[in-house]
Amino acid sequence: MPIRLRINGEDRVSNSDPLSPLVDVLRDEFFLTGAKPVCREGFCGACTVLLAGEPIASCLMPAGLVADREVRTVEGLAPEGDLSPLQRALEEHDVVQCGMCFPGLVVTLTRYFERAEHPSRTDMKAALAGNVCRCTGYERILDAALSLVRTAETP
Amino acid sequence: MNHKEGLTSGTCRLSGQPETGLYVAPTLDDAVAALAERGREAAPLAGATWIMRAPLRQERHLFYVAIGQIAALHDVSVDDRNVSIGACATHAELIRGLAAISDCRALALAAGNAANPAIRQVATIGGNLCAADFPAADLVTALLCLDAEIELQGPQGRDRISLSHFLEIRTSLAPGQLVRRIIVARAQRRSVHVRLPLRKAGDYPVAIFSLAVTLNESGGVVGASAAVGSVEPTPRRWHELEAELVGHPLDPIRAAEKARHHSAALRGRDAVEAPGWYRVSVLPSLVRKAVHALREPHER
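Residue numbers (our numbering), protein chains in the order written: chain V, 1 to 155; chain A, 1 to 300.
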C-alpha cells in the first residue's frame, strides 16, 4: 500500500515496505542522496533529517511512520541552486573534508540555530553529540557556525 | 484503514524478503485488539529505534502495531501524589515534563543524557522498558531507584505491577498486552543518575548508577534506593549497598568503599565496548560521584 510523504515541501508517494528505513526511501526512491546510511544504528548522525522540524536518525525511522508528516532533508534547506547562510559559512571557512558527515551535521545545526536564542560553542557541541565527524575535529565547524552569530551581531 | 489491512503486501522489492505489515493504531483499544488478534507474530512499535535494529539481532516480526500516534500515550502529568508517564513519551518529552520535578531528578537526568539528541527525539520510555535485550537502559535504571510501577493494558483490562516484577515477566506478556503508563509516586527525596560512556556523550554507557535517598532533619540517610544498569544484562537494584547507606550521612568516600566491598554481588557482562570486570570496577567511582552530587552545595 502506498505511503504518502511530504518531503521538502512536496507531496510524494513511496511504494516501499512500511518498515523500510526512511534513509533508504529518500535515497533509492527519491534520489535525495544527502542523508547517508553509515552506522545504521543511530550513532553517527550521517542520516540526520528533520521530521516535523526536529532532527532524527532516518536510518531508524520506518517510512510507514512518516506518512503525512513534514520531512526536510539537506537538499531542502535552501532554494535549489542556492546555499543557506550556514552552508555558505561552512563553505567560506573551507571546513568540509570527506563530506560524509556534513549533510547530517548541517541539518542538526540548522535546527539548532532556529531554536537557540544565544548560540554558544558549548551548546553546539552538545547538539552535535549525535553527529560523528572523523576528519575535522569539529573546531573549525564550530568556528564557521559561530561566525553567523558574529555576523548577525555586527551593526 | 483497519488493523486487518495495515500497510503491507507481497515481497519487498529492495530486499526480496517477505514484507512486514504495519498498522498505525488510532486508539489504545484498537492497538490492543490488533495485537491480540495477531498473537505472537505481532509486536507494538513506538519510537522504533530498537526494533529497526532487529535485523542485526536476527529478529523479525511479521506485523507491527504502531502506537506512537496515540496522543494519550505521550502524556506526562504531575500531581501531589504521582507522576504519570504515558508509555510513548519520548526522552525529549520527559525532559520537558520533568523539568520542575525535583524529586524525580534521576529520571530527568537519565532522559537528558541517554543516547544523543536525535534518538532522544523519538525513543520512548515504553520502548526502553520493553527492550529486554538492551542492557544499557538509562530510563529503566532511574525508574528502579524511584520505585516506579508499570500499568499494563490488555484484552482483559488493566493491571499494575512493580517495575521489578515487570522486568521479570516482560518477555512473556500475553498477546495484546502492552505498557500503558509508568507511575512514580512523589516523595521527599533526592535522586541522581550518573553514567560512564566511553566518549563524553553519544555512546552506550559502560555502567549506570541511579540513587534516591530520603534524609532526616540532620542529614542522615533513612531510606535509600540504588539501581545499577549496563553492568549486568538487566538493570537491577543494589540492595547490599542500600543497606550500607541507611543510618549514615551522605559520605562519598565511605559510599565508594562500601560499593567496592559489595561489588562481588554483581556479575559484569562482557560486550564489544567493555569487558564485565571493567564495568564492575568503575562502579565505586560512579557511586562516589552520585553521593557527592546528592549533598547540598554547602555540605561538599
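Hints may contain errors.
Short, incomplete list of chain V residues facing chain A, as computed with Cβ under 8 Å [what the hints assert, rightly or not]:
(1) L19
(2) G45
(3) G53
(4) L65
(5) M124
(6) G130
Treat the hints as calculated values from the structure; they're not laboratory data. Treat the numbers as computed from the prediction; the structure is a model and nothing was measured. For each residue, glycine too, the CB sits at the ideal point set by N, CA and C.
Ascending list of hint numbers which this structure does not respect: 3, 5
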